[in-house]
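First to last, the protein sequences are chains A and B. Everything in the first sequence is counted per full-length UniProt numbering, starting at 1 for the first residue and increasing by one. Everything in the second sequence is counted per full-length UniProt numbering, starting at 1 for the first residue and increasing by one.
No lab work stands behind these hints, which were simulated from the structure alone. Please note: incorrect hints may appear among the correct ones.
[Said to hold, decoys possible] To give an idea of the interface, some chain A residues facing chain B are shown, with a C-beta separation under 7 angstroms as derived from the structure:
hint: 1; residue: Gly66
hint: 2; residue: Tyr201
hint: 3; residue: Ala202
hint: 4; residue: Ala203
[What the hints assert, rightly or not] Stretch-level coverage of chain A by chain B, calculated; a stretch enters the list once three of its residues show a Cβ under 8 angstroms from a Cβ in chain B:
hint: 5; segment: 22 to 28
hint: 6; segment: 133 to 140
hint: 7; segment: 153 to 166
hint: 8; segment: 173 to 180
hint: 9; segment: 204 to 214
hint: 10; segment: 222 to 236
hint: 11; segment: 278 to 292
[What the hints assert, rightly or not] The list that follows gives simulated cross-link-like pairs (lysine to any residue, SDA-like), each with its CA atoms no further than 25 angstroms apart:
hint: 12; chain 1: B; residue 1: Lys177; chain 2: A; residue 2: Gly149
hint: 13; chain 1: B; residue 1: Lys227; chain 2: B; residue 2: Lys157
hint: 14; chain 1: B; residue 1: Lys206; chain 2: A; residue 2: Pro152
hint: 15; chain 1: B; residue 1: Lys157; chain 2: A; residue 2: Thr2
hint: 16; chain 1: B; residue 1: Lys214; chain 2: A; residue 2: Pro152
hint: 17; chain 1: A; residue 1: Lys227; chain 2: B; residue 2: Ser281
hint: 18; chain 1: A; residue 1: Lys16; chain 2: A; residue 2: Pro53
hint: 19; chain 1: B; residue 1: Lys93; chain 2: A; residue 2: Glu209
Glycine included, each C-beta is placed from N, C-alpha and C at the ideal position.
Here is how the chains run, residue by residue.
2 protein chains.
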Amino acid sequence: MTYTITIEESSSKKQKPADHELGFGKYYTDHMFILDYDKGKGWHSPRVIPYQPITLDPAAKIFHYGQSVFEGLKAYRTNDGRILLFRPDRNFKRLNLSNARLSIPELDEELALDALLKLLTVDQDWIPSSEGTSLYIRPFIIATEAALGVAPSTQYKFMIILSPVGSYYEEGIHPVKIYVESGYVRAVAGGVGNAKTAGNYAAGLKAQEEASEKGYSQVLWLDGVHKQYIEEVGSMNVFFKINGKVITPALNGSILDGITRNSIIELLKQMGITVEERQISMEEIYQAHQEGTLEEAFGTGTAAVISPIGELHWRDEQLIINQGETGELAGKLYETLTSIQLGRIEGPKGWVVELPKS
Amino acid sequence: MTYTITIEESSSKKQKPADHELGFGKYYTDHMFILDYDKGKGWHSPRVIPYQPITLDPAAKIFHYGQSVFEGLKAYRTNDGRILLFRPDRNFKRLNLSNARLSIPELDEELALDALLKLLTVDQDWIPSSEGTSLYIRPFIIATEAALGVAPSTQYKFMIILSPVGSYYEEGIHPVKIYVESGYVRAVAGGVGNAKTAGNYAAGLKAQEEASEKGYSQVLWLDGVHKQYIEEVGSMNVFFKINGKVITPALNGSILDGITRNSIIELLKQMGITVEERQISMEEIYQAHQEGTLEEAFGTGTAAVISPIGELHWRDEQLIINQGETGELAGKLYETLTSIQLGRIEGPKGWVVELPKS
Ligand SMILES: Cc1ncc(COP(=O)(O)O)c(C=O)c1O
Ligand SMILES: Cc1ncc(COP(=O)(O)O)c(C=O)c1O
Chain A
1 MTYTITIEES SSKKQKPADH ELGFGKYYTD HMFILDYDKG KGWHSPRVIP YQPITLDPAA
61 KIFHYGQSVF EGLKAYRTND GRILLFRPDR NFKRLNLSNA RLSIPELDEE LALDALLKLL
121 TVDQDWIPSS EGTSLYIRPF IIATEAALGV APSTQYKFMI ILSPVGSYYE EGIHPVKIYV
181 ESGYVRAVAG GVGNAKTAGN YAAGLKAQEE ASEKGYSQVL WLDGVHKQYI EEVGSMNVFF
241 KINGKVITPA LNGSILDGIT RNSIIELLKQ MGITVEERQI SMEEIYQAHQ EGTLEEAFGT
301 GTAAVISPIG ELHWRDEQLI INQGETGELA GKLYETLTSI QLGRIEGPKG WVVELPKS
Chain B
1 MTYTITIEES SSKKQKPADH ELGFGKYYTD HMFILDYDKG KGWHSPRVIP YQPITLDPAA
61 KIFHYGQSVF EGLKAYRTND GRILLFRPDR NFKRLNLSNA RLSIPELDEE LALDALLKLL
121 TVDQDWIPSS EGTSLYIRPF IIATEAALGV APSTQYKFMI ILSPVGSYYE EGIHPVKIYV
181 ESGYVRAVAG GVGNAKTAGN YAAGLKAQEE ASEKGYSQVL WLDGVHKQYI EEVGSMNVFF
241 KINGKVITPA LNGSILDGIT RNSIIELLKQ MGITVEERQI SMEEIYQAHQ EGTLEEAFGT
301 GTAAVISPIG ELHWRDEQLI INQGETGELA GKLYETLTSI QLGRIEGPKG WVVELPKS
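Only chain A is shown next, with the shape it has when bound in the complex:
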C-alpha cells in the first residue's frame, strides 16, 4: 500500500499541564491522527490534524451497536532526551486481531505505526519527563455508518489520540486490594473477551463500581462457565507465585493477550524462573494461601506495568498476600521492565522503538 500522511499543524497550541496535575487520560495533545474507511474504497486519507471534536450522525453505528476496537500503549522520554515506544508492533497486530473478531476491515499495520510516529513527532513536546510519567497513546476504530440495521458498518474511522499521564505510583510501587467477582461475568469462551473492544469494558463497570464501594481497587474476573477459574483483572493480566514457580492463566480465548503479560513471561524465563501458562482456579490459590505457599500475586498491564496484589477478597474471606507488601519478584520485574522501557537497560531485541529525530 502506498500512502501519504498529510500534516495540518494547529495554529494555536494548548497550555500544557504540570506533570503533577496529569492523572490518567484527562489531557489531550494538540493533534490527532485520522484515517477513514469506506466500503469499496478501503482505508484512505491518512492525516494528522489539530485535536478536535468529531461530528457524527446520531444514527452512526458506534452509538448503537458498539462496533469498535482500541489499543493502549505508552511513549517514554528518556533521561538522555530520546523518545521510546514499547513493542508498538504488538499493539497494531492485536488491533487487527480485534478487528477480525469484530468484523472490522483489517488495517495496514505499517501505516498505523508510521502514523503514530508522525503524530508523536508533531506532538513530542507533550511527552512529560518526570519519573513515572509518560504519554499514553490510544489508537481506536469506530463504526461510523449512519444505519440502524444490525450488520457490520460500511464506514469506519481509525484515530490515534495522545494523553500525557502521571505516575501510576506517586510514592513508589505499592500493592492493591482486589475483589474476586463471583457474580458478574465479563466474558466467556466463544465471546469477545480476547478482543479489545468497547463492550467488554462497559460490561465490567457495574462490578467495578460495587468493588470500589467495598474498598477494592479492581475486580478479578472468574471464567463465565464454572466461575472457578481465574481470568484477569479489570485491565491487567494476573500472575501468582506459588512455591517458587510463577503461574498465569493461559490464553483461553476469553482474556486479553496482554503485551506486558507476554513481556513478563519472557523476562521470567530469562531469569530462569519456571512459568506455567495454564488454567488456575481460585480454589488452588486459596489452598496455596492456606498452606503458606502463595508467595506473591501481581497484575500486569500498560498503565501500571506491574501492580502487586496485597489482598484478595474471595467469598467473604480476605487473603492477605506477602503481608500486604510488594513482593520481591514483583518489585524486581517492575524495576527491570520499566528500565527497559526507559532505555536504561537493554531489553530483548525489538522491544524498544525509538522515535527518529526530526
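Using the hints provided, position chain B with the ligands relative to the given structure of chain A.
Same frame as chain A, now just chain B with the ligands:
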C-alpha cells in the same frame, strides 16, 4: 421532576422517501430529541431540535468503553388517521433496567415518553401509511465524558431519533432460515445479555456474518455455559410449538425481556394455549422434530413482529419445520398482534397509546 421541553423547528424540511424505498433504518426525520446529563446537575435541557450530527470529543467514553443503552419501538398510522404506539411505557422501563446494569443514571420515564410524544407530534408527517410500514423509534443513551479512565461517565446524552421503515414482509409473512450457533457465544449468565446495550450487538456481528454467508438469515444463540440451551435469535425471542403446547426460554438473565415476547405470551394465554417459560435444549427440539411433534417455531420482536422459522441448521443437520411454511399459530398471532398495533381490534388494556391530536 418539573421540566419544559423546548422545540426548535427545522427551517428546511427534507424530501420524504417513497414508501417502497424505505427499507430499515436508512432515512431519518426532520427532528430529534436530546436530553443532557451532567454529574451533580442530573438530566437537564430536554429539547426537540432539527435532526443534525452530534459533535463529541474523540476521548468521549462511548467511543472507547461502549457505555450505552438503547431501545426500539414503532409508531403506526391507522387507516382512520390516528397515530398509535405499542406499549411504549415498557420500552422506557426496560431502558432503565439496562441503565442500572450499565451504571448509567436513571431516566425519568414520564419525561422520556412525553419527549417521544412531542417529537412525534412535530414529525408526524413522516409516519408512512402503506400496509406494513411504520415509524421506527430509536431512543438511546451514550456516555459522552472525555476521559480515558475505565469508570462510569459523568456525562451522558439521551436522544430519540425516528426512521420511517418499510414493510418487513413485502409479500406477506414468510418463514426464515436460522443457524443454530454452537461456536460463538453472545452472552452468559452474570453478563449483560439481558440489557439492551451496544456491546451485545457488536459481539454478535461475526456469527451473524458467517451465518449469512451460509444462507441463513439470523443466528439462534445457545447458552454460554453448556452450549445446549436455547437463548434467543439475533434480535428476536424465540418460541416453539411442540405437541400443542408453546415453549419459550425463561428470562434467565442472559436474554432480552422482549416486549413482543411478553405480548405473545399474554395473547397465547387468552387463546387458552399452554405456554411454558422454561429452559429448553436444542436436544429437546431435535427430539421433537424427529418424533414429528415440533409443530412450529417462530421469533418475536419489534422489527418483524412474528418471524416464522422454516428451517433450523444444527450440527450439520437441517431441521425443516412445518414443511418450511408459516405455521397456523404463527400466522394467527401475527394477524392478531398487528391488528392490535394498528388499532383494528382491541388489545389488552394499556397496550396501545394514541398520540394526542395537536
Ligand atoms: C482486559 C485487559 N486485560 C489485560 C490488559 C493488559 O494488556 P497490556 O499489557 O497489553 O496493556 C489490558 C490493558 O490493556 C486490558 O484491558
Ligand atoms: C437481543 C434481542 N432480543 C429480543 C428482541 C425482541 O424484543 P422486542 O420484542 O422488545 O422488540 C430484540 C429486539 O428488540 C433484541 O435486540
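Structure-based check of each hint:
Hint on Gly66 of chain A holds. Least Cβ distance to chain B is approximately 3 angstroms, under the 7 angstroms limit. For Tyr201 of chain A, the interface hint holds, the least distance from its beta-carbon to any beta-carbon of chain B being 4 angstroms, beneath 7 angstroms. For Ala202 of chain A, the shortest C-beta to C-beta distance to chain B is roughly 4 angstroms, which falls under 7 angstroms, so the interface hint holds. A cut of 7 angstroms between beta carbons decides the hint on Ala203 of chain A: the least distance to chain B is about 5 angstroms, and the hint holds.
Look at the segment 22 to 28 of chain A against chain B: 4 of its residues bring a Cβ nearer than 8 angstroms to a Cβ of that chain, three or more, so the hint holds. Residue count for the segment 133 to 140 of chain A with a Cβ under 8 angstroms from a Cβ of chain B: 3. That meets the three needed, and the coverage hint holds. Beta-carbon proximity to chain B at under 8 angstroms applies to 3 residues in the segment 153 to 166 of chain A; the threshold of 3 is reached and the given coverage holds. Counting residues of the segment 173 to 180 of chain A whose CB lies closer than 8 angstroms to any CB of chain B gives 0, which falls below the minimum of 3, so the coverage claim is violated.
Counting residues of the segment 204 to 214 of chain A whose beta carbon lies closer than 8 angstroms to any beta carbon of chain B gives 5, which reaches the threshold of three, so the coverage claim holds. Proximity of the segment 222 to 236 of chain A to chain B, defined as three or more residues with a beta carbon under 8 angstroms from a beta carbon of that chain, is established by the 5 residues found. Counting residues of the segment 278 to 292 of chain A whose C-beta lies closer than 8 angstroms to any C-beta of chain B gives 0; at least three are required, and the coverage claim is violated. Restraint check: the Cα-Cα separation between Lys177 of chain B and Gly149 of chain A comes to about 18 angstroms, which is no more than 25 angstroms; the hinted pair holds.
Of the pairs offered as hints, the one joining Lys227 of chain B and Lys157 of chain B is violated, with about 37 angstroms between alpha carbons and a cut-off of 25 angstroms exceeded. For the hint pairing Lys206 of chain B with Pro152 of chain A, the CA-to-CA distance comes to about 8 angstroms; that is within 25 angstroms, so the pair holds. Annotation: proposed proximity of Lys157 of chain B to Thr2 of chain A is violated, straight-line Cα distance about 40 angstroms (limit 25 angstroms). Distance restraint check for Lys214 of chain B and Pro152 of chain A: the Cα-Cα separation of roughly 17 angstroms lies within the 25 angstroms cut-off, and the hinted pair is therefore satisfied.
Annotation: proposed proximity of Lys227 of chain A to Ser281 of chain B holds, straight-line Cα distance about 22 angstroms (limit 25 angstroms). Proposed proximity of Lys16 of chain A and Pro53 of chain A is supported: the alpha carbons are some 19 angstroms apart, at most 25 angstroms. Taking the CA atoms of Lys93 of chain B and Glu209 of chain A, the gap is about 23 angstroms. The hint holds against a cut of 25 angstroms.
Checked against the numbered hints given earlier, this structure breaks hints 8, 11, 13 and 15; the rest are met.
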